[in-house]
Amino acid sequence: MTRRVNRISPFNITSLALGLAFLYLPIVILVIYSFNASRLVTVWGGWSLRWYTEFFNDRAMLDAAWMSLRVAAVSATVATLLGTLAAIGLARGERFKGRSLFSGMLYAPLVMPEVISGLSLLLLFVALSAERGFWTVTLAHTTLTMCFVTVVVQSRLASIDRSLEEAAMDLGCDPVRAFLSVTLPLIVPAIVAGWMLAFTLSLDDVVIASFTTGPGSATLPIRIYSEVRLGVKPQINAICTMVIALIAVVIVIASFASKLSSSQGESAAPL
Amino acid sequence: MTEESPEITPKADGIADPAKPEPPPQAPVSPAPQFELAADMPLLRIEGVGKTFGSFRAVDRLSLDIRAGEFFALLGPSGCGKTTLLRMLAGFETPDEGRILLGAKDIAQVPPHLRPVNMMFQNYALFPHLSVRDNIAFGLKRAGMARDEIATRVAEMVALVKLEGMEKRKPDQLSGGQKQRVALARSLARRPQVLLLDEPLAALDKKLRESTQLELMDLQRRLGMTFIIVTHDQEEAMTMASRIGVMDAGRLEQVATPRELYEAPHSRWVAEFIGDVNLFDGEVGWRENNRLLVTTREGVTLAVTEPRQRVTKATVCVAIRPEKVKLSRRAPVSDAANTHAINRLEGVVTDVSYLGGLTAYKVKLESGAVVRASVANTARLDIDAYLAGQRVMAWFAPDDCMVLEQ
Amino acid sequence: MSARSIFARPARLAAIAPYLWMVLFFLVPFGFVLKISLSQTAIAQPPYVPLFDLTAGWAAIKAALSELSLDNFKLLVSDSLYISSYLRSIFVAVTSTAILLLIGYPIAYGMARLPQRWQPIAMMLVIVPFWTSFLIRIYAWINILQHDGLLNKMLLALHIVSTPVVWLSTDTAMYIGIVYSYLPFMILPLYATLAKMDGALIEAASDLGASPGRAFWLVTFPLSLPGVGAGALLCFIPIVGEFVIPDLLAGSGSMMIGQTLWLEFFTNKDWPVASAAAVALLLLLIPPLLLYDRLQRRTLRGGG
Numbered sequence: 000m001t002r003r004v005n006r007i008s009p010f011n012i013t014s015l016a017l018g019l020a021f022l023y024l025p026i027v028i029l030v031i032y033s034f035n036a037s038r039l040v041t042v043w044g045g046w047s048l049r050w051y052t053e054f055f056n057d058r059a060m061l062d063a064a065w066m067s068l069r070v071a072a073v074s075a076t077v078a079t080l081l082g083t084l085a086a087i088g089l090a091r092g093e094r095f096k097g098r099s100l101f102s103g104m105l106y107a108p109l110v111m112p113e114v115i116s117g118l119s120l121l122l123l124f125v126a127l128s129a130e131r132g133f134w135t136v137t138l139a140h141t142t143l144t145m146c147f148v149t150v151v152v153q154s155r156l157a158s159i160d161r162s163l164e165e166a167a168m169d170l171g172c173d174p175v176r177a178f179l180s181v182t183l184p185l186i187v188p189a190i191v192a193g194w195m196l197a198f199t200l201s202l203d204d205v206v207i208a209s210f211t212t213g214p215g216s217a218t219l220p221i222r223i224y225s226e227v228r229l230g231v232k233p234q235i236n237a238i239c240t241m242v243i244a245l246i247a248v249v250i251v252i253a254s255f256a257s258k259l260s261s262s263q264g265e266s267a268a269p270l
Numbered sequence: 000m001t002e003e004s005p006e007i008t009p010k011a012d013g014i015a016d017p018a019k020p021e022p023p024p025q026a027p028v029s030p031a032p033q034f035e036l037a038a039d040m041p042l043l044r045i046e047g048v049g050k051t052f053g054s055f056r057a058v059d060r061l062s063l064d065i066r067a068g069e070f071f072a073l074l075g076p077s078g079c080g081k082t083t084l085l086r087m088l089a090g091f092e093t094p095d096e097g098r099i100l101l102g103a104k105d106i107a108q109v110p111p112h113l114r115p116v117n118m119m120f121q122n123y124a125l126f127p128h129l130s131v132r133d134n135i136a137f138g139l140k141r142a143g144m145a146r147d148e149i150a151t152r153v154a155e156m157v158a159l160v161k162l163e164g165m166e167k168r169k170p171d172q173l174s175g176g177q178k179q180r181v182a183l184a185r186s187l188a189r190r191p192q193v194l195l196l197d198e199p200l201a202a203l204d205k206k207l208r209e210s211t212q213l214e215l216m217d218l219q220r221r222l223g224m225t226f227i228i229v230t231h232d233q234e235e236a237m238t239m240a241s242r243i244g245v246m247d248a249g250r251l252e253q254v255a256t257p258r259e260l261y262e263a264p265h266s267r268w269v270a271e272f273i274g275d276v277n278l279f280d281g282e283v284g285w286r287e288n289n290r291l292l293v294t295t296r297e298g299v300t301l302a303v304t305e306p307r308q309r310v311t312k313a314t315v316c317v318a319i320r321p322e323k324v325k326l327s328r329r330a331p332v333s334d335a336a337n338t339h340a341i342n343r344l345e346g347v348v349t350d351v352s353y354l355g356g357l358t359a360y361k362v363k364l365e366s367g368a369v370v371r372a373s374v375a376n377t378a379r380l381d382i383d384a385y386l387a388g389q390r391v392m393a394w395f396a397p398d399d400c401m402v403l404e405q
Numbered sequence: 000m001s002a003r004s005i006f007a008r009p010a011r012l013a014a015i016a017p018y019l020w021m022v023l024f025f026l027v028p029f030g031f032v033l034k035i036s037l038s039q040t041a042i043a044q045p046p047y048v049p050l051f052d053l054t055a056g057w058a059a060i061k062a063a064l065s066e067l068s069l070d071n072f073k074l075l076v077s078d079s080l081y082i083s084s085y086l087r088s089i090f091v092a093v094t095s096t097a098i099l100l101l102i103g104y105p106i107a108y109g110m111a112r113l114p115q116r117w118q119p120i121a122m123m124l125v126i127v128p129f130w131t132s133f134l135i136r137i138y139a140w141i142n143i144l145q146h147d148g149l150l151n152k153m154l155l156a157l158h159i160v161s162t163p164v165v166w167l168s169t170d171t172a173m174y175i176g177i178v179y180s181y182l183p184f185m186i187l188p189l190y191a192t193l194a195k196m197d198g199a200l201i202e203a204a205s206d207l208g209a210s211p212g213r214a215f216w217l218v219t220f221p222l223s224l225p226g227v228g229a230g231a232l233l234c235f236i237p238i239v240g241e242f243v244i245p246d247l248l249a250g251s252g253s254m255m256i257g258q259t260l261w262l263e264f265f266t267n268k269d270w271p272v273a274s275a276a277a278v279a280l281l282l283l284l285i286p287p288l289l290l291y292d293r294l295q296r297r298t299l300r301g302g303g
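Residue numbers (numbering that gives the first Met the number 0), protein chains in the order written: chain H, 0 to 270; chain D, 0 to 405; chain P, 0 to 303.
Keep in mind the hints are simulated off the structure, nothing from the lab. Where is the CB? At the ideal position from N, CA and C, for every residue including glycine. Incorrect hints may appear among the rest.
[To be verified] Label pairs and their computed distance ranges (CB to CB):
no. : chain 1 : residue 1 : chain 2 : residue 2 : range
1   : H       : Ala-244   : D       : Ala-202   : 23 to 33 angstroms
2   : D       : Asp-105   : P       : Ile-120   : 55 to 65 angstroms
3   : H       : Ala-244   : P       : Val-164   : 28 to 38 angstroms
4   : H       : Trp-134   : P       : Leu-289   : 48 to 58 angstroms
5   : P       : Ile-120   : H       : Ala-59    : 34 to 44 angstroms
Model the full structure from these sequences, guided by the hints.
Shown next, in the form of structure tokens:
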């Protein structure tokens, strides 16, 4: 079927261009100013990498960055595993007892204000008298981000033709084999996208981490946040630029990986 | 090459079954029945099978026998239960009641991966991440076949469906017709005892569909396999199948050869479903030799040949196919033997549709009833054509009339 | 039974681990919030009594239950600080959602009208900023909005203003930050409904005599309402509880409920009151959450 060719009207182009400029300009400005030689964040003093070297000499910042990376990697991996299993249960489990509670618990955190999630998890950790630090933050992030993984993987599963699984069973696979040999390869791009999303969400979070971490184990966003509260500093521009670069690299690698793993026409949406 | 296994082995060869000894290897393209059947025993016997979804009765206590080597078509409008029946044969749905006997074994409760039947899906269901070769080899690997054996079988299948040189392609690099062939090769690779085809040609365009129909028939004859096809396209069913089961509302209306279905439908529903038909409701007047005289509601008396099975009811329906209705400007010359018998209906042509090979006319009778007639265009020039508004005589022989008792 | 139900059993087994996880780390913690919101403040570590003590058995639990009180909720409704932050949250969320709709709709509409092959690219462009850190995006705006930031420099250079405008620590800055952060959440559901709309409908409308404007108001807009609803709720719900954006960009004059909760928790160390604020916030969010759920179900059923 051929879809009618949409005409490009000036109004449409303008609104799109303005919208995209609004979305991108602030980030571009931030990146450019991270290379500013001047200490004054608003005066352009020529190109320089001094704020980057300053970051690499800042012990506390480096520790926070390392903590954040570890939390993001571990929580994203666990969240991807759990989220994928949850998606399978929702997409293929048909009706079962407690299904609506299950989907409710998985969908609510997507829009739930972080202050509530953070506070409630903290109260749980206190009640369990768990020592707060790396593991509590990782647990909290896993809980939040697995819901996003579930949504991404579930929508991919829903788009897969069920007759593929039936064909696999017809050709001699039991249900588990049919899933592993046919469905799983097809949802790999969504699983990869889910991991990326979980990783970046974890790397981004201030509120939940503030509630669930303990003294002496601040994550990078917590440190950035406390610095930002005091005003703009060129070093923060540099750190933010590096975080953006890291996320860009993760996205590029992951989209390559998912392209390689599946050369089928449809590629997973990044959300 | 090797002889057929004499015992009943209700599994496709090569599929491991701990309970039964491995059947001997088969000839490259082997005839299907892998066990001997008693002379009167069907390969597949469906006995009182029923399936309900919620409050919807999809299949209603249906019984049907299918013989080995048959090309059987399940034909019916959408929602008639034909696909549900096919899915129960494949194992994707389990019947609520009844038995499905393959040979002597009831497979109604056997899950799909343990059944010696395979299915070709309507949308082909080719695995998009696997090449043509891996798609065809998929079922063989599951059966635990040796690597070199798989390679031989895949090559054989690729040759069978004429896809040489395409083995490494992925499904999305194939045309619709090629995909259809891969799906066919994949479902044939395990040499199922029965191949189920769910609307296998629906996704192809008309030209390709016609040539593929012939290829499928040729393949089925060569392999001697049992094919069960589901279709809503009566032309397709009539072309390919040796027998057709017409389904409506979860029941089989009639099971017969294509010719029988068309020329001797059992019911008004089947007569209307298969092809075009003129129907006249009426009362049986009197009998004379093997003739019945039926007075229609419009007050016309029609002479019809009494079917082999004698008519018992007083109220019947006379059906006549449009191509058996002749038109002429004047009443046909009376043949002495036929004078009283020929049914003549006088009327006015109201509609003329030129369709190439034939022309379809609608003739309005004085009683108000409309008779449809289709006339083959045997000459290039339109000397025989009738015009709208013209008075004509529509006539037909008693032998061409069908008497339906419902 | 069917092939689907053969499949369903192992799928349900797969869901056991995430199910237990969510019960333990999502549902149970709410129980704690509810319970602590009903308990007394104490100067202790942790700063509340009574602590849930399973080892003491039923008697202790009964005793604990008798000590539950609604004092914290009474405080919430009697103290004008809480009421005003509650109202402000709703006001800010409603205003922001309205602005987001006004800005997001034309963008989504523009995307949906793009030639087919450009649409995925446009969608990527809208989603990518969502991947970059939320905190960083707010920080980027602080860069621009500060006293001698780019915005003021530009306005001065263009002689639009003669003295630098105070942007930071104002509601304007906060609205800019909120709109900036939540724009993709508004655009994507809108785009989803607009993109799948049949272009022939508009042609049919103009064929029947509607001007382009009327065709939009009579056909396109009513049909896009599910997308409008989804986008609005997707933005409204988290904005109500927003903390970081008002904290960094708005003035210190009045607070949103998320900020109040944070303040009670981290500064005043009043955990019971913070928990009560959380419960109150949750109660506020339940109606829109249910509405969103219903909308989603209807879209799914409508074959969307």
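Consistency of the hints with the structure:
no.: 1; hint: H:Ala-244 with D:Ala-202: 23 to 33 angstroms; result: violated (47 angstroms)
no.: 2; hint: D:Asp-105 with P:Ile-120: 55 to 65 angstroms; result: holds (57 angstroms)
no.: 3; hint: H:Ala-244 with P:Val-164: 28 to 38 angstroms; result: holds (33 angstroms)
no.: 4; hint: H:Trp-134 with P:Leu-289: 48 to 58 angstroms; result: violated (34 angstroms)
no.: 5; hint: P:Ile-120 with H:Ala-59: 34 to 44 angstroms; result: holds (41 angstroms)
In this structure, the hints that do not hold are numbers 1, 4, in rising order.
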